[in-house]
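Just need the whole structure built from these sequences, with the hints factored in.
One line per chain: the protein sequences are A and B, in this order.
Heads up: the first sequence is residues 1 to 302, going by my numbering.
Heads up: the second sequence is residues 1001 to 1361, going by my numbering.
Rather than coming from a laboratory, the hints here were simulated on the basis of the structure.
Nothing here was measured: the structure is a model prediction, and the numbers come from that model.
One thing to keep in mind: the hints can contain errors.
Unchecked claim - Incomplete in silico selection of chain A near chain B, CB under 7 angstroms:
1. S57
2. A59
3. A65
4. E69
5. D90
6. T100
7. T113
8. L116
9. E174
10. A291
Cβ atoms here follow ideal geometry from the backbone N, Cα and C, with glycine treated the same way.
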Amino acid sequence: MGARIESAASWRAHRGLFARGALALTEIAARRCLDRGHRRPEDIDLLVNAGVYKDRSLAEPALAAIIQEDLGANPGHPARPHSHGTFSFDVLDGGCGALTALELADSLIRAGTSRLALIVAGDADPSPRTSHGFPFASAGGAVLVEPGEGGQGFERFAQRTFAEHAGLFEACVEWEAANPKARRGGNVLVVREDPAFADRAIACAVETTGAFLADLGLRGADVDLLVASQYPPRLADEVARAMAIPRERVAPGPGELGPAHTAGPIASLEAAIDSGAFALARNVLFVTAGAGITITVALYRR
Amino acid sequence: MLAERRWKDGAGPPCAARIESIGARLPKRRLTSRELVAGMRHRTHIDLERLTGIRERRVCSDGEDSFTLAVDAARDCLARSSLRAEELEMVVCTSITRYVGGLSYRLEPPLSLSVKEAIGAPRARSFDLANACAGMMTGVFLLNDFIRRGAIRAGMVVSGEFISSLGANAARDVRSIYSRQLASLTLGDAGAAVIVQRAPSGRAGIAFAGFTTISEHSRLCLGLPASQMPGAEMFTKARTIHKVAMQDAPPLVGEALEGSGLQLSDIDWLIPHQTSTRAIRAGERVLRERFGAGPKHTIVNVESFGNTASTTHFVALHKYLGEGAFRRGERVMLLSVASGLEIGVIVLVMDDLVETHGRTH
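Rendered as structure tokens:
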């Protein structure tokens, strides 16, 4: 059996004085997740970060390594006797990153390589003063996974990409010689989203989810809980409608702070765990969407 | 070190994994260390070539960037492979520099999506991974895991590094050998790609793959967009990194050797991260002192290519395979020491690759 979800947590930032960067948000979520799972940081042997928009757009090292150090997850070596320390790296897969990271952790857990993995994801505008078009709410999330028992855990993952729509959502850091807020010019974050992106992403998600469920021999009515990306905002409801999944089986969305990016599905998962919906579900369907257009789906059995 | 669990009673995983093909792309343009130092804004007395052993590095010309290097390397890899692009079930792109169309650093969509479309593998599972200079080895570590447990049959790890722009930016700021941007002057551009393929259990191939992160050193080397010019900058506490690498890498190499049932003297070729001749020789000495004997050969190719970041091990493998240096059955250890501090070890047993590398399909 694949990886079993032990706990999930998220953390959101308000604007203004209380604004926080991606690293701080992710670390708060990670600590809450460890507390909820009654685990210590040194128990983690794998840490994967899936956040895309990092403080100062850090390219090196992997942000996961910094998070590992700050959490105190076996930061030194030699590690404790009979422990193999912690291995950290980042995944960059846009809005699908958290589910992709879970797939990698699931694989290493199935192989017996990892015993406890922490998946983290967090995004915040690295330079709100100079950036253009950043559409996401600042948020961090974390999920703790361990080897599944008794038929509980991830059963299957699938991805489809629709490269014909790659130009509908693009995010780059590029030099802008005449940014009015950066007097001498600067490297600024530019997010370009075509108005058609949301509808196309939803259509791609519906197509991918339909094929995935058919492949598994499931119908929409068999899905007890749908956990989806929070961006584009209508994704969860539209997928549920198209698949005939009752609306009450959709995990709660973003609320008033707006949709989170890579941490979005984790925040919805946390809400479903808190409401008790996750504990009652037999078939949990994960649907994530991101630029590319990339759709990643997974079935989790309880 | 996180590595595949040990199998008891002679049992093994369902499958083995092997390196099926390696491709590379090196830009044609050469930049010597003398030229780089001559172009520095501040007058210094740095003898970069003597300090690092780097005579020259390749640098991108107009129209070349991280993406084009990655695609060209992937095509070279496929040309040397018996597999067709559509047989790849996973494509992982691991570039630190994610430049597309000049110095535009792309965050989304993933580069792997564009690479798999360019090479004709649109149905492959794709994602990007970032792990500093350990990126490609991390990708191989993950593919090895998917393949050994029978989840996929073949996948590609690919990276393109248009990283010489950091050297160009550093050349404006470096004033002495104590500058935190000095290490940027060692960087060179390259693309590399590797196909990892399923092999019958017990066959030669990837004998060991393991990684760990000694994160108490995570802030010793930071790469981020430049504050006053296009491209990026890298700030490195090079002496501290060197010191902790010499201290922390040997016990982990020991763990890898124990995991693969080998002595260091059983390793025919050691390929460390290509940073500077001095650092590589110092690392070799430390390993010899700890294990009583060293590998039979240590590969150093910095003089021609410099430090090509995440592609470093595979550019070296590609070069030495091309020169016919390896023999079937020889053991090659790839040792990664990268920002994080990421320490990874992959042990390969040379197989058909030594003969098939020179062929094109």
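Margin query: Flag every earlier hint the structure violates by its number, smallest first.
Written below: When the structure is compared with the hints, only number 8 turns out to be violated.
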